Amino acid sequence: GAVVSQHPSWVICKSGTSVKIECRSLDFQATTMFWYRQFPKQSLMLMATSNEGSKATYEQGVEKDKFLINHASLTLSTLTVTSAHPEDSSFYICSARGDTETQYFGPGTRLLVL
Amino acid sequence: DAKTTQPPSMDCAEGRAANLPCNHSTISGNEYVYWYRQIHSQGPQYIIHGLKNNETNEMASLIITEDRKSSTLILPHATLRDTAVYYCIVGEGTGGGADGLTFGKGTHLIIQP
Chain R
662 GAVVSQHPSW VICKSGTSVK IECRSLDFQA TTMFWYRQFP KQSLMLMATS
712 NEGSKATYEQ GVEKDKFLIN HASLTLSTLT VTSAHPEDSS FYICSARGDT
762 ETQYFGPGTR LLVL
Chain Z
-9 DAKTTQPPSM DCAEGRAANL PCNHSTISGN EYVYWYRQIH SQGPQYIIHG
41 LKNNETNEMA SLIITEDRKS STLILPHATL RDTAVYYCIV GEGTGGGADG
91 LTFGKGTHLI IQP
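So the protein sequences, as listed, match chains R and Z. Going by this note's numbering, 740 is the number at position 79 of the first sequence; the sequence numbering is gapless. Going by this note's numbering, -2 is the number at position 8 of the second sequence; the sequence numbering is gapless.
Derived by calculation from the structure, the hints in this document are not laboratory data. As the structure is a computational prediction, the values presented were derived from the model and not from experiment. Beta carbons are placed, not taken as given, at the ideal position from N, Cα and C, and that holds for glycine.
For each label pair, taking beta carbons as the anchor points, the in silico distance ranges come out as: (1) R:T743 with Z:N44: 44 to 50 Å; (2) Z:P(-2) with R:S666: 29 to 35 Å; (3) Z:M0 with R:P669: 33 to 39 Å; (4) R:H668 with Z:E56: 42 to 48 Å.
Within a straight-line C-alpha distance of at most 25 Å, the following computed SDA-like cross-link-like pairs (lysine to any residue) qualify: (5) R:K681 with Z:Q32; (6) Z:K(-7) with R:T763; (7) Z:K95 with R:D749; (8) R:K716 with R:D688; (9) R:K702 with Z:Q32; (10) Z:K95 with R:S670; (11) Z:K95 with R:L707; (12) Z:K(-7) with R:M706; (13) R:K725 with Z:L91; (14) Z:K95 with R:G722; (15) Z:K(-7) with R:S704; (16) Z:K59 with Z:K95; (17) Z:K95 with R:F752; (18) R:K702 with Z:D1; (19) Z:K95 with R:Q699; (20) R:K725 with R:T741; (21) Z:K95 with R:Q721; (22) R:K716 with Z:G81; (23) R:K725 with R:L737; (24) R:K702 with Z:T(-5); (25) Z:K95 with R:R771; (26) R:K702 with Z:C2; (27) R:K727 with Z:D89; (28) Z:K(-7) with R:V723; (29) Z:K59 with Z:V75; (30) Z:K(-7) with R:T693.
Okay, chain Z solo, but in the shape it has when bound (with noise of 0.2 Å):
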């Protein structure tokens, strides 16, 4: 089973910030919380992955509650082409063994025109 809890699917307006919560209350210690999209047909997109600090790239942010108990992935400027599925996922990175992700059923994030 998926260790995350997202909300099944979320609206946003075109032009505002998109914030997807994700819990993980049973994260471990060594597990990186990934965030992953997947358009329509398509394999999944790499977004953005934190361990403990916030972080920020040129897609998105992530922030990651102190706690390390949930997150939230923040996308600043919502475009139609974000319509997606996105995934959080918790996972050891190289240092902890070379498991694969596990999926779960991820949020369905419609951008509204």
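So that you can see chain R by itself, here it is in the shape it has in the complex (with noise of 0.2 Å):
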């Protein structure tokens, strides 16, 4: 139980496209989703928090305007990445949380930008 899925699992776009990403629980609700990004050899950094149904909140130095969050359901949430530039070029993770206290991950997406 407990698997959370993304996708695509990795993606190239050139620089000033927009790239949505994916990511849902497969066998449970999520009333919380969150999404990280790790760039090489750093650890996880918090991007932003999103319940269903309401807007989502951002970590300090994220900009909302350019990383749109929509968990429009108990099972789904989604992450565009708008105007993607090379710097943007990162490995985005998902968790998901449910009605205990664990936090499951996502598998990632690598994003390149050329």
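Starting from the two chains in their separate frames, assemble the complex, guided by the hints.
The following block contains the structure:
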């Protein structure tokens, strides 16, 4: 149980385009989902927290107009990187939490912006 | 900043028990201790968590000191596939809010054949 999936697993895009990443909880309802980012040789950094049906809360330094988060259902959250630039290239990881204390992580999405 | 301190790296022989320490001296009463691991290029994998009591599951055991200021993750029979970065994280459960987890640098555990 407690499986979280992400799609796509990797994506390459041109600078200036937008990229959407999906995060799904497959076997539980996720009242809260989180988005993290990990640069090479660094640890995960929390970007934002989203609760189903409400606006996401962004961490300091994360631009909400650039990283659009939608959590429209209890099993799906999406992160859209708008007008992506090479510095947005990173490993994006979501996690989901239901009615327990535990967050379960997705496998991650590797984004390369050319 | 992360609220935990872990050694940056550890070696362990295959088949032996791997004991990973973690200090969390500023942990508050409603914070849990979580352990995750990350194998290269993958998302973190949940291992175990606890509040006050020691915990055991099919993957590992978690020993929390009585004052809750430190804990040890025990992998009873380490295999090569246990090579990963192990993160010890303190955080509130559902009752304490909806905060994300703060990852430190973790311990890079290397299992030697």
